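Visitor: Under the working numbering, the first residue of the sequence shown carries the number 1, and numbering increases by one thereafter.
The set of hints was computed from the structure by calculation and includes no laboratory data.
Be careful, since some hints might not be right.
Below are the BS3-like pairs computed for lysine-lysine, each with C-alpha atoms no more than 27 Å apart in a straight line [unchecked claim]:
| id | residue 1 | residue 2 |
| --- | --- | --- |
| 1 | Lys-56 | Lys-98 |
| 2 | Lys-141 | Lys-102 |
| 3 | Lys-56 | Lys-95 |
Here are the simulated distance ranges between beta carbons [as the list claims (entries may be wrong)]:
| id | residue 1 | residue 2 | range |
| --- | --- | --- | --- |
| 4 | Lys-141 | Asp-36 | 38 to 48 Å |
| 5 | Asp-2 | Lys-117 | 39 to 49 Å |
| 6 | Asn-144 | Gly-73 | 50 to 60 Å |
| 7 | Asn-210 | Gly-175 | 18 to 28 Å |
| 8 | Glu-173 | Ile-208 | 31 to 41 Å |
| 9 | Arg-142 | Glu-28 | 42 to 52 Å |
| 10 | Glu-173 | Gln-8 | 20 to 30 Å |
| 11 | Asn-210 | Asp-2 | 46 to 56 Å |
| 12 | Val-190 | Lys-102 | 18 to 28 Å |
| 13 | Glu-149 | Gly-73 | 20 to 30 Å |
| 14 | Lys-137 | Ile-7 | 45 to 55 Å |
| 15 | Lys-170 | Asn-72 | 19 to 29 Å |
| 16 | Lys-102 | Gln-204 | 34 to 44 Å |
Bear in mind the structure is a predicted one, so any value in this text is a computation, not a measurement.
All C-beta atoms in this analysis are idealised placements derived from N, C-alpha and C, irrespective of residue type, glycine included.
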Amino acid sequence: MDQKREIQISKSLSKLLRHKLDSLPQGEIRGYVPVDSILAHAYLKSHHANREDILKIVETNNKKRFGIKKINGIEYICAFQGHSKGGVDLTPLSKSNKNEIKMIVHGTNRNSWNSIKNEGLKPMKRTHVHFAKGLPKNIAKRLNFNGFENDVISGMRSNVEIVIFLDIEKVIESGDFYLSENGVILGSKVVPISFFKRVWDIDQGWIIEN
(Lines of atoms letter the chains of each structure in order from A and count residues from 1; the text may use other names and numbers.)
(Lines give C-alpha, C1' and ligand atoms only; values in the text may rest on other atoms or scores of the structure.)
Protein backbone atom coordinates (compact mmCIF):
# COMPACT_ATOMS: atom_id res chain seq x y z
CA MET A 1 0.00 0.00 0.00
CA ASP A 2 1.53 3.31 -1.08
CA GLN A 3 1.64 6.26 1.32
CA LYS A 4 -0.98 8.33 -0.51
CA ARG A 5 -3.53 5.50 -0.42
CA GLU A 6 -2.72 4.78 3.22
CA ILE A 7 -3.39 8.42 4.14
CA GLN A 8 -6.69 8.40 2.22
CA ILE A 9 -7.89 5.25 3.99
CA SER A 10 -6.76 6.57 7.37
CA LYS A 11 -8.67 9.83 6.82
CA SER A 12 -11.79 7.90 5.84
CA LEU A 13 -11.51 5.78 8.99
CA SER A 14 -11.17 8.92 11.11
CA LYS A 15 -14.19 10.53 9.49
CA LEU A 16 -16.38 7.48 10.05
CA LEU A 17 -15.23 6.46 13.53
CA ARG A 18 -14.97 9.97 14.96
CA HIS A 19 -17.73 11.93 13.28
CA LYS A 20 -20.28 9.49 11.84
CA LEU A 21 -20.29 6.88 14.58
CA ASP A 22 -24.02 7.16 15.23
CA SER A 23 -24.76 6.10 11.65
CA LEU A 24 -22.74 2.87 11.97
CA PRO A 25 -23.63 -0.47 13.59
CA GLN A 26 -21.83 -0.84 16.92
CA GLY A 27 -21.02 -3.96 18.89
CA GLU A 28 -21.19 -4.85 22.56
CA ILE A 29 -18.51 -2.26 23.37
CA ARG A 30 -19.54 1.34 22.75
CA GLY A 31 -17.67 3.01 19.91
CA TYR A 32 -16.47 -0.23 18.31
CA VAL A 33 -17.75 -1.00 14.79
CA PRO A 34 -17.43 -4.33 12.94
CA VAL A 35 -14.53 -4.18 10.49
CA ASP A 36 -16.74 -5.77 7.81
CA SER A 37 -19.25 -2.91 8.20
CA ILE A 38 -16.48 -0.35 7.81
CA LEU A 39 -15.17 -2.06 4.68
CA ALA A 40 -18.68 -2.10 3.21
CA HIS A 41 -19.04 1.68 3.60
CA ALA A 42 -18.72 3.83 0.47
CA TYR A 43 -15.84 5.81 2.00
CA LEU A 44 -13.68 2.68 2.19
CA LYS A 45 -14.98 1.03 -0.96
CA SER A 46 -13.91 4.09 -2.95
CA HIS A 47 -10.30 3.30 -1.97
CA HIS A 48 -10.75 -0.47 -2.56
CA ALA A 49 -9.67 -0.99 1.05
CA ASN A 50 -9.43 -4.51 2.46
CA ARG A 51 -8.93 -6.06 5.89
CA GLU A 52 -5.13 -6.14 5.53
CA ASP A 53 -5.10 -2.39 4.77
CA ILE A 54 -7.10 -1.69 7.93
CA LEU A 55 -4.87 -3.86 10.11
CA LYS A 56 -1.72 -2.21 8.77
CA ILE A 57 -3.04 1.28 9.52
CA VAL A 58 -4.06 0.28 13.04
CA GLU A 59 -0.63 -1.24 13.71
CA THR A 60 1.56 1.44 12.12
CA ASN A 61 -0.32 4.72 12.64
CA ASN A 62 2.13 6.99 14.47
CA LYS A 63 -0.69 8.66 16.42
CA LYS A 64 -2.14 5.29 17.51
CA ARG A 65 -5.58 6.62 16.60
CA PHE A 66 -7.32 3.27 16.17
CA GLY A 67 -7.75 0.01 18.02
CA ILE A 68 -9.10 -3.43 17.11
CA LYS A 69 -10.75 -6.03 19.35
CA LYS A 70 -12.09 -9.47 18.52
CA ILE A 71 -15.36 -10.35 20.24
CA ASN A 72 -16.97 -13.75 19.65
CA GLY A 73 -14.82 -14.19 16.56
CA ILE A 74 -15.79 -10.83 15.04
CA GLU A 75 -13.25 -8.03 14.58
CA TYR A 76 -14.27 -4.55 15.71
CA ILE A 77 -12.45 -1.25 15.20
CA CYS A 78 -12.63 2.06 17.06
CA ALA A 79 -11.08 5.52 17.16
CA PHE A 80 -9.69 6.10 20.65
CA GLN A 81 -10.43 9.85 20.75
CA GLY A 82 -11.20 12.90 18.63
CA HIS A 83 -14.95 12.26 18.41
CA SER A 84 -17.34 15.09 17.64
CA LYS A 85 -20.12 13.02 19.26
CA GLY A 86 -20.33 9.64 20.88
CA GLY A 87 -17.13 7.71 21.42
CA VAL A 88 -15.71 4.78 23.33
CA ASP A 89 -16.09 4.01 27.02
CA LEU A 90 -13.32 5.68 29.00
CA THR A 91 -11.61 5.01 32.32
CA PRO A 92 -11.96 7.93 34.79
CA LEU A 93 -8.71 9.18 36.28
CA SER A 94 -8.51 8.31 39.97
CA LYS A 95 -6.06 8.53 42.85
CA SER A 96 -4.59 5.22 41.70
CA ASN A 97 -3.25 7.04 38.61
CA LYS A 98 -1.45 9.70 40.64
CA ASN A 99 1.89 7.87 40.85
CA GLU A 100 2.01 6.87 37.20
CA ILE A 101 1.08 10.29 35.76
CA LYS A 102 3.82 12.85 36.33
CA MET A 103 2.60 15.49 33.90
CA ILE A 104 -0.63 16.58 32.19
CA VAL A 105 -0.01 19.13 29.43
CA HIS A 106 -1.73 20.79 26.50
CA GLY A 107 -0.04 22.73 23.70
CA THR A 108 -1.57 25.64 21.82
CA ASN A 109 -0.73 28.85 19.94
CA ARG A 110 -0.77 32.48 21.09
CA ASN A 111 -3.97 33.36 19.24
CA SER A 112 -5.84 30.60 21.06
CA TRP A 113 -4.17 31.48 24.37
CA ASN A 114 -5.78 34.93 24.27
CA SER A 115 -9.21 33.32 24.68
CA ILE A 116 -8.06 30.36 26.81
CA LYS A 117 -6.70 32.61 29.57
CA ASN A 118 -10.15 34.20 29.90
CA GLU A 119 -12.51 31.34 29.09
CA GLY A 120 -10.53 28.19 29.89
CA LEU A 121 -9.75 25.25 27.63
CA LYS A 122 -12.80 24.15 25.64
CA PRO A 123 -13.42 20.91 23.71
CA MET A 124 -14.59 23.04 20.75
CA LYS A 125 -15.98 20.67 18.09
CA ARG A 126 -14.81 17.55 19.94
CA THR A 127 -16.30 15.80 22.94
CA HIS A 128 -13.08 16.20 24.96
CA VAL A 129 -10.01 18.39 25.41
CA HIS A 130 -6.88 16.35 24.70
CA PHE A 131 -3.84 16.29 27.01
CA ALA A 132 -0.46 14.57 26.84
CA LYS A 133 1.46 12.84 29.64
CA GLY A 134 4.81 14.10 28.34
CA LEU A 135 6.50 16.53 25.97
CA PRO A 136 7.87 16.37 22.43
CA LYS A 137 11.67 16.04 22.58
CA ASN A 138 12.34 19.57 21.31
CA ILE A 139 10.07 21.13 23.97
CA ALA A 140 11.42 18.94 26.78
CA LYS A 141 14.97 19.97 25.83
CA ARG A 142 14.16 23.69 25.90
CA LEU A 143 12.52 23.35 29.30
CA ASN A 144 15.25 21.08 30.69
CA PHE A 145 12.59 18.52 31.55
CA ASN A 146 14.79 15.45 31.30
CA GLY A 147 12.86 12.20 31.52
CA PHE A 148 9.62 13.72 30.27
CA GLU A 149 10.34 13.22 26.57
CA ASN A 150 7.46 11.32 25.09
CA ASP A 151 6.15 10.19 21.72
CA VAL A 152 3.12 12.41 22.21
CA ILE A 153 -0.04 10.99 20.67
CA SER A 154 -2.44 13.91 21.13
CA GLY A 155 -2.70 17.22 22.96
CA MET A 156 0.75 18.52 22.07
CA ARG A 157 2.40 19.26 18.72
CA SER A 158 6.13 19.87 18.40
CA ASN A 159 5.56 23.38 16.97
CA VAL A 160 3.40 24.78 19.81
CA GLU A 161 3.95 28.31 21.12
CA ILE A 162 2.27 27.86 24.51
CA VAL A 163 2.46 24.87 26.88
CA ILE A 164 -0.17 24.56 29.63
CA PHE A 165 0.65 22.34 32.62
CA LEU A 166 -2.35 21.23 34.69
CA ASP A 167 -2.48 20.70 38.44
CA ILE A 168 -2.63 16.90 38.65
CA GLU A 169 -4.35 16.83 42.05
CA LYS A 170 -7.13 19.15 40.87
CA VAL A 171 -7.55 17.08 37.72
CA ILE A 172 -7.98 13.84 39.65
CA GLU A 173 -10.24 15.36 42.31
CA SER A 174 -12.57 16.86 39.68
CA GLY A 175 -13.69 13.50 38.28
CA ASP A 176 -13.99 15.09 34.82
CA PHE A 177 -10.89 13.56 33.24
CA TYR A 178 -10.34 10.18 31.61
CA LEU A 179 -7.53 8.00 30.29
CA SER A 180 -8.01 6.57 26.82
CA GLU A 181 -6.75 3.13 25.84
CA ASN A 182 -3.83 4.66 23.93
CA GLY A 183 -2.69 6.81 26.85
CA VAL A 184 -4.23 10.18 26.00
CA ILE A 185 -5.82 12.13 28.87
CA LEU A 186 -9.22 13.58 28.01
CA GLY A 187 -11.11 16.37 29.77
CA SER A 188 -14.88 16.18 29.38
CA LYS A 189 -15.69 19.78 30.33
CA VAL A 190 -14.27 23.27 29.98
CA VAL A 191 -11.01 23.31 31.93
CA PRO A 192 -10.83 26.57 33.95
CA ILE A 193 -7.62 28.57 34.35
CA SER A 194 -7.66 27.65 38.06
CA PHE A 195 -6.50 24.18 36.93
CA PHE A 196 -3.43 25.67 35.20
CA LYS A 197 -0.37 25.12 37.40
CA ARG A 198 2.18 26.61 35.01
CA VAL A 199 2.08 28.10 31.53
CA TRP A 200 5.15 28.46 29.32
CA ASP A 201 5.57 30.70 26.27
CA ILE A 202 8.23 29.59 23.80
CA ASP A 203 9.60 33.16 23.58
CA GLN A 204 8.67 34.75 26.91
CA GLY A 205 9.32 31.84 29.25
CA TRP A 206 7.02 31.15 32.21
CA ILE A 207 3.98 33.42 32.07
CA ILE A 208 1.99 31.69 34.83
CA GLU A 209 3.53 29.93 37.84
CA ASN A 210 1.38 28.73 40.74
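Visitor: Now look at each hint and say whether the structure bears it out.
Guide: Status of the hints after comparison with the structure:
1. Lys-56 <-> Lys-98: violated, 34 Å
2. Lys-141 <-> Lys-102: holds, 17 Å
3. Lys-56 <-> Lys-95: It is violated: about 36 Å lies between the C-alpha atoms, which goes past 27 Å.
4. Lys-141 <-> Asp-36: 38 to 48 Å: holds, 46 Å
5. Asp-2 <-> Lys-117: 39 to 49 Å: holds, 44 Å
6. Asn-144 <-> Gly-73: 50 to 60 Å: Given about 51 Å between the Cβ atoms, the range holds.
7. Asn-210 <-> Gly-175: 18 to 28 Å: Roughly 21 Å apart at Cβ, these two residues keep to the hinted range, so it holds.
8. Glu-173 <-> Ile-208: 31 to 41 Å: Since the Cβ atoms of Glu-173 and Ile-208 sit about 20 Å apart, the hinted range of 31 to 41 Å is violated.
9. Arg-142 <-> Glu-28: 42 to 52 Å: holds, 46 Å
10. Glu-173 <-> Gln-8: 20 to 30 Å: violated, 43 Å
11. Asn-210 <-> Asp-2: 46 to 56 Å: Hint holds: Cβ distance 49 Å, inside 46 to 56 Å.
12. Val-190 <-> Lys-102: 18 to 28 Å: Hint holds: Cβ distance 24 Å, inside 18 to 28 Å.
13. Glu-149 <-> Gly-73: 20 to 30 Å: Given a distance of about 41 Å, which is not inside 20 to 30 Å, the answer is violated.
14. Lys-137 <-> Ile-7: 45 to 55 Å: 24 Å Cβ-Cβ, so the 45 to 55 Å window is violated.
15. Lys-170 <-> Asn-72: 19 to 29 Å: Taking Cβ atoms as reference, Lys-170 and Asn-72 lie about 42 Å apart, which means the hint is violated.
16. Lys-102 <-> Gln-204: 34 to 44 Å: Check failed, 25 Å falls outside 34 to 44 Å.
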